[in-house]
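Number of protein chains: 2
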Amino acid sequence: MSAKETLHIIKVGGNIIDDDAKLARFLKDFAALEGRKILVHGGGKLATRMAEELKLPQQMVNGRRVTDADTLRIVTMVYAGQINKNIVASLQAQGCTALGLTGADGDAIRSHRRVKGEIDYGFVGDVDAVNAALVSGLLEQGLSIVMAPITHDGKGQLLNTNADTIAQELATGLSQRYRTVLLYSFEKSGVLLDVNDEASVIPLITPARYRDLLAGEKIFAGMIPKLDNAFRALESGVDRVLIGQAEDLPALVSGRSGTALSLQD
Amino acid sequence: MSAKETLHIIKVGGNIIDDDAKLARFLKDFAALEGRKILVHGGGKLATRMAEELKLPQQMVNGRRVTDADTLRIVTMVYAGQINKNIVASLQAQGCTALGLTGADGDAIRSHRRVKGEIDYGFVGDVDAVNAALVSGLLEQGLSIVMAPITHDGKGQLLNTNADTIAQELATGLSQRYRTVLLYSFEKSGVLLDVNDEASVIPLITPARYRDLLAGEKIFAGMIPKLDNAFRALESGVDRVLIGQAEDLPALVSGRSGTALSLQD
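Chains as they are written, first to last, in this note's numbering: chain Z, 1 to 265; chain G, 1 to 265.
Honestly, the hints are just simulated from the structure, not real lab data.
In this text, all values refer to a predicted model and were calculated from it rather than measured experimentally.
Be careful, since some hints might not be right.
Coverage of chain G stretches by chain Z, computed from C-beta distances (three or more under 8 Å per stretch; other residues unrestricted) [to be verified]: (1) 68–77; (2) 96–108; (3) 149–158.
Positions of the beta carbon are idealized from the N, C-alpha and C atoms, including for glycine.
Please construct the entire structure, taking both the sequences and the accompanying hints into account.
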C-alpha cells in the first residue's frame, strides 16, 4: 500500500472570526499551507449580534445556542452566507482555490435533529455520516474546502451543528483515504495547565495523562468536549490531533507550538 | 467530434423564490430533470424584507438595487446563505445531489466592480470570466450546481451580480464543453405580445422579429435586458434559449410552452 497523502483539517475558533486582523493573518497562513486542506469555521459573535439587530432573543444552555426557527435562519445567513463567503473570497485573493460548503452541499455531512432530552436544543444536528467520496472528489480537483457549521437531515431540514464536531467527523470520515491531521486552532497557545498562564502549555496528552489531568481538575471545563472529541478522533483513525494558537498556524502545524494528542506514550 | 452532452442552465425568477408552494413545485421538477444542470436563483423580496427588519433603507435605480456595504452584507447572507442553502437542502430531499456556490467558490465567476457612471451602483459586479474547468469538473462529479447571484473580484471583494447575467455567462462559458440550453423561468408563460394576456405568448423570436417587436414597442420594458442577454448568449455559442413558466418546467424544457429564441428563421 502506498503512503497516504496528508490532509489537514483545521478548525478555527470564534474569537478569531470576530477579529478582522487575526482572521486575515490566519487566512494568509492557511492559504500558504501546502497540500490538501479543509478549514472548518465557527460563527463567533456575529450570529448573536445579528439576532440583537433583529431583536430576536437568544437562549443559551450549557454554552450552546438553542436554535429555534428564527435562529436557524440567522445562523444559516451568517455562517453559510456572510462568514463562509467572505473567507472564501479572502482565500481566493491569496491564491488559494477555496470552495465553501455546508453539510447540505453535495450531501457532504448528514445529521439528525438532536433527540430531545431535558432540554430541546431545537434545530441542532448530531452528525450521522460524512460523504468521503464527495469531499475527496473536491479535494482531488485541487479545491480547499471551507466548511460552515450547518448540516442537513436529507429530508430538506438544515441543522445548526457544532464546528468542533464537524472537524472531528471530517477527520475521521476521511482517514481511510488520507493521513488526516486534525487541528483545533483558537486564541490560546494550547491546552494549559494554568488557564491564566499562556506559558503552561502541556505539549503532549496521552489517554493516561488525560485521566490524571481530569482527576486533578486541571483541565478548563470548556476544553473537555474538545479533548473528548480529539481522543475519539484518534481512536477512529485520525493520525494526529493538535491544539493551539490560530495566530501562528505554521508553528502549530509543524509541532513547534501547541498541544499534541496521542494514543501512545 | 462526438456529440456534446446537453447542459441545462435554468434561471428561476424572484417571484417564484418568494412563493413557498411555487418554489417547492419548481424544485421538484428541477430535481427530476435528467442530465447535467445548473440552477441560478435570484433573491426575490427576501433581501428587501431583511433590510426592512434591520431598518436599513434601500435605494433602487432603474430596478437595480444600489449595493452599499450594508446591502452587500444582507444580500450575501440572504442569497448565499438562506436561499441557496435551503434550495440545496430541498433538492437533496428530492434525490438531487445539489451543491450551492457563489462566484467566489472555486473562483467560479470573476467580475469587476461596475465602473461608476452617472450612478454609482456600489458593490455590483460585471462578469469578466466563468471558470469552465471548475464548473464542468463539479458537473462531471455528478453534482447539480445551485448558483447564488454573488461573484467576486479575485482581490477579496464579493460583488452583487445580476442573476440573468450569471445564467447567460455560465451558458456561454460552458458552451465549448456542452450543448448549453439556457432557460429563463419566471411567473409568466413566455414573452407576451400583450402583457395582460397570458395566451399571447410569442413562440419564436428571431433577431429580425425582435427588431420588429422593439420598433412596434411590443416588448415589455422589463423583458428587454433578458432578451438582449439571450441573443448575446446565442451569438456566443449557446444552443438554445427558452423563456417561460417556472411552474411547469417539463413543458418549458421540452418546448411545449414558452418562447424560444433562435438566430435562424
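These are the hints, each one checked on the structure:
Counting residues of the region 68–77 of chain G whose C-beta sits closer than 8 Å to any C-beta of chain Z gives 3, which meets the bar of three, so the coverage hint holds. For the region 96–108 of chain G, the stated coverage by chain Z is satisfied: 10 residues place a CB nearer than 8 Å to a CB of that chain, which reaches the threshold of 3. Only residues whose C-beta sits within less than 8 Å of a C-beta in chain Z count toward coverage, and the region 149–158 of chain G has 7 of them, enough to reach three; the restraint holds.
Against the hints set out earlier in the document, no violation occurs for any number.
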